[in-house]
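Engineer: Residue numbers (the UniProt record's numbering), protein chains in the order written: chain U, 1 to 304; chain F, 1 to 406; chain G, 1 to 529.
No lab work stands behind these hints: they were computed from the structure.
Each hint should be verified, as a subset may be incorrect.
Every beta carbon over 10 Å from chain F, so not counted as near; a handful from chain G, in silico [stated by the list, open to error]: (1) P35; (2) R116; (3) L399.
If we take Cβ atoms under 8 Å as the criterion, some of the chain F residues that face chain U in the derived model are [as the list claims (entries may be wrong)]: (4) L157; (5) M158; (6) S182; (7) L196; (8) V356; (9) V370.
Here are some, though not all, of the chain G residues that point toward chain F, as calculated from beta-carbon distances under 10 Å [as the list claims (entries may be wrong)]: (10) T111; (11) D115; (12) H201; (13) D369; (14) H371; (15) H372; (16) S389; (17) N416.
Just so it is clear, the structure is predicted and the values come from calculations on it, not from any experiment.
Beta carbons: idealized from backbone N, C-alpha and C, even for Gly.
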Amino acid sequence: MSAADNIATILSSGARLTVPLAFAACGEYVAQRAGTLNISVEAMMLGAAFGSIAVASATGSATIGLAAGALVGVAVAFVHGNLSHRVQINTFVVGLVLNALVLGLTSYLITVSTFTGHQVWQVSVPVLRDIPIVGPMLFVQRWPVYLLLAVIPLTWWLVQRSRWGLELRAVGENPQAADVSGIHVNRRRRQALLWCGLLAGLGGAYLAVGEVGSFNQNMTAGRGYLVIAAVIFGAWRLGRTLVGCVVFGLADAMRLALPALGVTMNSQLLIAAPYLLALLAMLVFATAHREPRALAQPFQRGTT
Amino acid sequence: MAAATTVAAPPTGPSGPDATGRRLLRRLNPGVGGWQVAAATAATVAVALALSALLISVTGGSPTASAKAMYQGSMASPAAWTTSLLYVAPLLLVAVGACVSARSGFFNIGQEGQVLIGALFGAWAGLRLALPGPLLVVSVLAAAAVGAGAWAGLSALMYRFRGVNVVVSTMLMTFLAQQLVSFAVNTPWLLQESRLGRGTLSPQSNPLPEGARISSLGEYPNLQINGGLVLAIVVAVVFSLALARTRWGFRLTMTGLSPAAARHAGVRVGALGGMALAISGGLAGLAGALLLASPVGTNRLQPGMSLNIGWDGLLVALVARNNPLLAIPVAVLFGVLRAGGSFLAATGVPPFLVDVVKALLVLAFVAPPVVIGMLRKRRRAGEPATTTPATDPAVSKQDAMEGSLA
Amino acid sequence: MNVDDQLTPALTLRGVSKRYGPVVACDAVDLAVRPGEIHGLLGENGAGKSTLMKILLGLVHRDTGTILRGTEPIEIDSPQVAADLGLGMVHQHFSLIEPLTVWENVILGDTGRVDRAAACAQVEQVAQRYGLPIDPLARVDRLSAGERQRVELIKCLRRDPSVLILDEPTSVLTQAESAELFTVLRRVVQAENRAVILISHKLAEIMAATDRVTVLRRGAVAFHGTTADTTAQELARQMVGRDVSLRAEGAALGLLPVEPQSPAGAPPSTDPAGAAPAADPTTPAALRLRGVTLRVGGLPVLDDLHLDVAPGEIVGLYGVEGNGQATLGELLSGLLVPDEGAVEVGGRPVELTRPGTLHEAGLGIVPEDRHHSGVVLDMSVAENLVMKSLAGVCTRGVLSRRRMHRIARRQMAEFNIVAPSPDTPLRSLSGGNQQRVVLARELSAGPKALVAAQPTHGLDVGAIEDMYVRLRQAAAEGVAVLLISTELEEVMALADRIAVISSGRIVGVLPTAEATAERLGMLVGGVAH
């Protein structure tokens with residue numbers, strides 16, 4: 001294989017590894033802008049990965065599986081939203097418990113049941129796919145990748161241009177002021193979580209019915225935390241968050257590809273790189289007021 | 001108003017240990033009103049157990065057989081108790097640390113990584129130091145506590161100097177810790193096992209020498225009480241007393257409830273919180289040392305050896321409402337669930353069921369006081385208005401500087 | 001019924017009640033506001049003004065009573081509904097979201113598509129109509145207090161409200177800005193026939209700016225009438241429920257003359273009988289601020305601040321809210337460290353980077369926001385009383401509950417703190433009693449100097465009087481008292497000297513005997529933007 005082929009391989013596999021992160025990061029970005037530091041994104045992704053395979057296996061359709069996965073993500077978000085933005089249990093506590101619950105539940109269920117593998121179809125654009133280096137990355141992908149290309153601008157538009165997004169940002173910055181302006185703070189936060197659940201669900205489902213075609217125990221293996229790291233790395237801007245996802249995805253692709261290429265490189269460092277980068281980003285940018293000011297602060301009317 | 005005044009301690013001797021305990025509880029859960037919470041908790045626990053049973057039957061298992069197997073694996077015999085208690089010790093240590101950090105307001109969720117770092121340092125001390133028996137055990141424990149304490153202390157430093165959110169940094173550092181341990185056991189000049197004859201090397205360290213392991217106390221037929229359990233219980237009692245009865249505990253509690261008031265009262269908030277984080281990490285590190293040096297595992301440093309003890313210990317502290325003494329029975333419950341889980345496979349029910357039960361139980365314990373407190377607050381909401389903080393540009397600066405000044 | 005019949009009121013409340021457990025916040029309140037009038041709503045803190053307004057705004061639901069808009073009964077379930085019904089509110093503390101722009105803030109709470117161009121155009125149009133110039137694209141966190149209030153007003157007025165409610169609108173404004181605001185309100189009322197409800201605890205303001213006035217006392221309507229037909233003295237009596245004779249009470253209610261034409265019967269501004277003993281100018285200062293400067297984002301919040309307070313002297317630091325007083329209070333609480341300058345207590349500079357040093361040096365403080373740094377609500381009364389002097393209740397680091405209780409009981413008796421026991425959580429005490437806990441703790445430490453930052457905010461008249469007596473007593477015992485206040489009357493009544501702060505600088509210091517409302521007003525407004 002030529003160097004160009006190797007690079008093309010890494011880029012294309014990096015793109016594949018970026019997709020689930022990017023889906024979920026679009027969701028997590030919205031949740032955090034509304035003020036929820038949502039840890040349960042891991043549970044959303046893992047639950048969705050399982051749900052997508054289970055439903056795909058039952059219906060024989062990977063696409064229905066993908067939709068079902070998204071619904072599982074929404075269900076986790078629904079539980080999280082109601083527990084932390086209605087009942088007012090600490091959001092980290094809810095997140096930790098949901099992560100433990102979904103990990104336990106999916107591990108249990110995958111052990112007691114068997115599923116047949118399913119994968120969503122691949123789109124391969126003739127001619128364009130033959131462009132050297134970037135061709136395979138951009139034009140040979142499974143169809144949800146092209147859905148992602150629609151989700152990204154939609155998310156941006158929702159947050160930056162729609163009324164819902166304006167209210168969402170208001171809620172994340174100053175819930176008291178948003179409240180007296182007539183915005184239902186906790187309802188907006190729950191809605192933001194639902195959007196996060198939908199996208200994290202798509203991301204998690206893509207892991208299963210997109211890339212692999214099956215589910216294994218603890219399949220996400222901390223990718224949810226990677227997504228949180230990406231939003232932090234991106235300093236709560238969508239564009240930079242996605243850049244973070246791409247960097248993390250490429251790091252993962254390099255880790256997988258390098259041994260085959262005969263390059264010895266420290267795989268631990270590559271696995272740790274995303275978390276390290278997120279920490280470094282926080283250390284470098286921490287003092288600038290970038291994070292939503294009410295991030296991780298619960299809101300209850302009548303308390304100042 | 002009425003709710004708050006009826007909770008006030010009775011006029012008789014308010015300084016007894018009971019009064020202290022009540023005060024502590026009340027402080028931790030403003031609005032906890034005895035029987036209502038107890039009744040609600042009983043109901044939610046019943047629901048959690050019913051859901052678990054439902055899950056078993058839906059997937060073709062037998063709930064009663066599973067319960068029996070869990071009982072046999074965890075409590076039916078002295079040998080079963082031995083296994084349960086081996087898990088209790090590290091869970092309790094992690095939980096006590098989590099209590100300390102949560103009480104200080106510096107919420108640490110990175111115990112899983114700190115457990116691993118503790119095991120890493122413990123393994124290094126146990127394998128590299130040539131010391132006589134008891135001294136070697138002590139140095140394994142000390143290295144684990146200091147190493148993991150320093151690791152958690154990094155989060156405190158990041159907060160103090162750059163204002164990095166402690167929850168986020170402790171969480172991210174967990175994943176660094178996992179890779180650090182993986183690196184150590186994959187690197188020959190660090191802790192990877194030495195080559196004996198042929199065969200490929202596993203990513204693990206050599207077994208800890210006999211002299212570095214923690215032995216069991218006493219000679220009871222079948223029941224072994226490991227030294228680690230004694231250590232954990234002593235730690236729980238000591239920290240419970242320190243939190244309730246010392247100036248340090250007073251300041252720590254004050255810092256958790258109101259950092260501004262604490263600083264105003266002369267507390268170095270950043271230093272105290274950093275200390276709480278380091279203690280929390282150190283205790284998680286001790287738990288890591290127990291996983292390494294007590295007969296719970298293989299006595300080798302391995303990447304997956306933390307066994308989610310860090311996450312579970314955190315859950316123990318949540319259920320115990322950040323009270324180290326209450327953490328003892330809760331840790332026993334979690335230890336029993338763990339030990340019982342390994343017996344489940346015999347009945348055809350995957351041991352992962354235990355994780356489901358555990359998560360549901362945590363919710364069942366955590367939700368009722370919050371819900372009842374919230375209902376009460378809602379009833380009282382908007383009482384004679386409290387003053388709203390003034391809008392002043394310095395307020396936001398103050399928030400940012402809180403850590404860097406202390 | 002006090003409602004006049006010749007005009008249909010824009011808004012009518014009949015028998016509106018709201019109770020929280022045993023506490024009656026509003027007791028069968030009747031209120032009728034006509035179009036074309038500014039209606040004053042006057043009352044002490046805790047009299048039910050804010051509950052009533054929260055009901056009108058949909059933040060709180062009433063227990064009984066009816067609300068009519070015109071002649072039609074209405075239900076206000078949420079702020080959204082209130083806005084739809086034409087009830088607009090300008091909040092005491094701004095409800096603006098700082099990182100958002102002016103136009104984004106203005107359209108917050110609307111429904112439908114976001115149209116930036118239309119929103120900007122509308123902001124400019126409303127701004128022009130009412131004389132409230134503002135740049136719609138500016139970010140709110142870059143605006144001054146006066147500009148922010150304009151944004152609030154625009155946000156409210158663009159929804160074309162039939163009733164405009166203003167909650168203590170002048171607390172952050174200079175006198176000039178206040179006058180400007182009332183001019184705008186007059187225009188709103190006369191030219192457009194809207195109704196305005198002006199909530200205030202300042203008598204002078206109510207007398208000067210309103211057409212009719214309703215006084216609330218303990219949740220019920222105590223008085224209702226035309227402003228021109230009543231006197232400030234009468235309103236004060238209705239507010240408190242008895243004759244107001246004490247000077248301290250007068251000050252608490254704002255009875256001192258603020259405007260030259262203000263009502264007869266108010267005590268004169270220089271009453272030697274009530275003043276604390278004048279300080280000897282030769283004694284060294286017990287509290288000295290030397291060139292204290294603190295910047296936020298490059299802008300000075302405190303700007304080369306110099307101030308001396310001698311033992312036995314009360315110095316009033318007067319200024320409009322938001323001119324650095326809160327920052328100074330935090331600095332003197334040990335929560336902030338100045339970029340430049342020094343604080344001296346008892347003639348010695350204090351090391352400010354270490355917490356607790358101000359207390360050790362002998363500086364006591366009653367902070368402005370006691371819930372932020374003054375007390376810990378979830379700790380007991382006893383714990384709150386000893387928290388700054390733990391050495392006295394500890395032996396080798398171990399707390400003695402017995403000693404703690406002994407100290408607490410003594411201070412509770414001495415300072416009339418009403419609580420069931422020293423173990424009662426502070427949260428369940430009234431505001432006045434919480435403030436007494438703070439004062440007891442600070443004065444029991446035997447301070448050389450005491451800083452009282454807005455010490456009477458949120459207290460009722462009884463508690464205010466108590467606070468004044470304690471502050472005077474402390475000064476009489478030789479403590480240097482620095483009173484940071486936005487209440488002109490309070491400063492005039494208590495202080496020996498008055499220093500005026502504006503934009504973080506001391507713009508003038510004068511003896512109270514020479515101070516008049518006009519001179520102070522000019523100082524406050526002269527340097528402000």
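Engineer: So, for every hint listed, does it hold in this structure?
Structural biologist: Right, here's what the structure says about each hint:
At roughly 29 Å from the closest C-beta of chain F, the C-beta of G/P35 stays outside 10 Å, upholding its exclusion from the interface. Non-interface status of G/R116 relative to chain F is upheld: no Cβ of that chain comes within 10 Å, the nearest being about 26 Å off. The non-interface label for G/L399 is inconsistent with chain F: the shortest C-beta to C-beta separation is roughly 6 Å, within 10 Å. Hint on F/L157 is violated. Least Cβ distance to chain U is approximately 10 Å, over the 8 Å limit.
Because the beta carbon of F/M158 sits about 6 Å from the nearest beta carbon in chain U, less than 8 Å, this interface hint is met. Taken as an interface hint, F/S182 checks out: its beta carbon lies about 5 Å from the nearest beta carbon of chain U, inside 8 Å. The beta carbon of F/L196 is not positioned within 8 Å of any beta carbon in chain U (closest approach about 24 Å), and the interface hint is therefore violated. For F/V356, the interface hint holds, the least distance from its beta-carbon to any beta-carbon of chain U being 4 Å, beneath 8 Å.
Hint on F/V370 holds. Least Cβ distance to chain U is approximately 5 Å, under the 8 Å limit. Residue-level restraint check for G/T111 is violated (minimum Cβ-Cβ distance to chain F is 27 Å; threshold 10 Å). A distance limit of 10 Å between C-beta atoms decides the matter here; for G/D115 the minimum to chain F is near 29 Å, and the interface restraint is violated. At its closest, the beta carbon of G/H201 sits 13 Å from a beta carbon of chain F; the interface hint therefore is violated under the 10 Å criterion.
At about 5 Å, the closest approach between the beta carbon of G/D369 and any beta carbon in chain F falls short of 10 Å, and the interface hint on this residue holds. Taken as an interface hint, G/H371 checks out: its beta carbon lies about 6 Å from the nearest beta carbon of chain F, inside 10 Å. The beta carbon of G/H372 is positioned within 10 Å of a beta carbon in chain F (closest approach about 5 Å), and the interface hint is therefore held. For G/S389, the interface hint holds, the least distance from its beta-carbon to any beta-carbon of chain F being 9 Å, beneath 10 Å.
Annotation: interface hint on G/N416 violated; nearest CB of chain F at approximately 19 Å, more than 10 Å.
This entry does not satisfy hints 3, 4, 7, 10, 11, 12, 17, going by the numbered hints stated previously.
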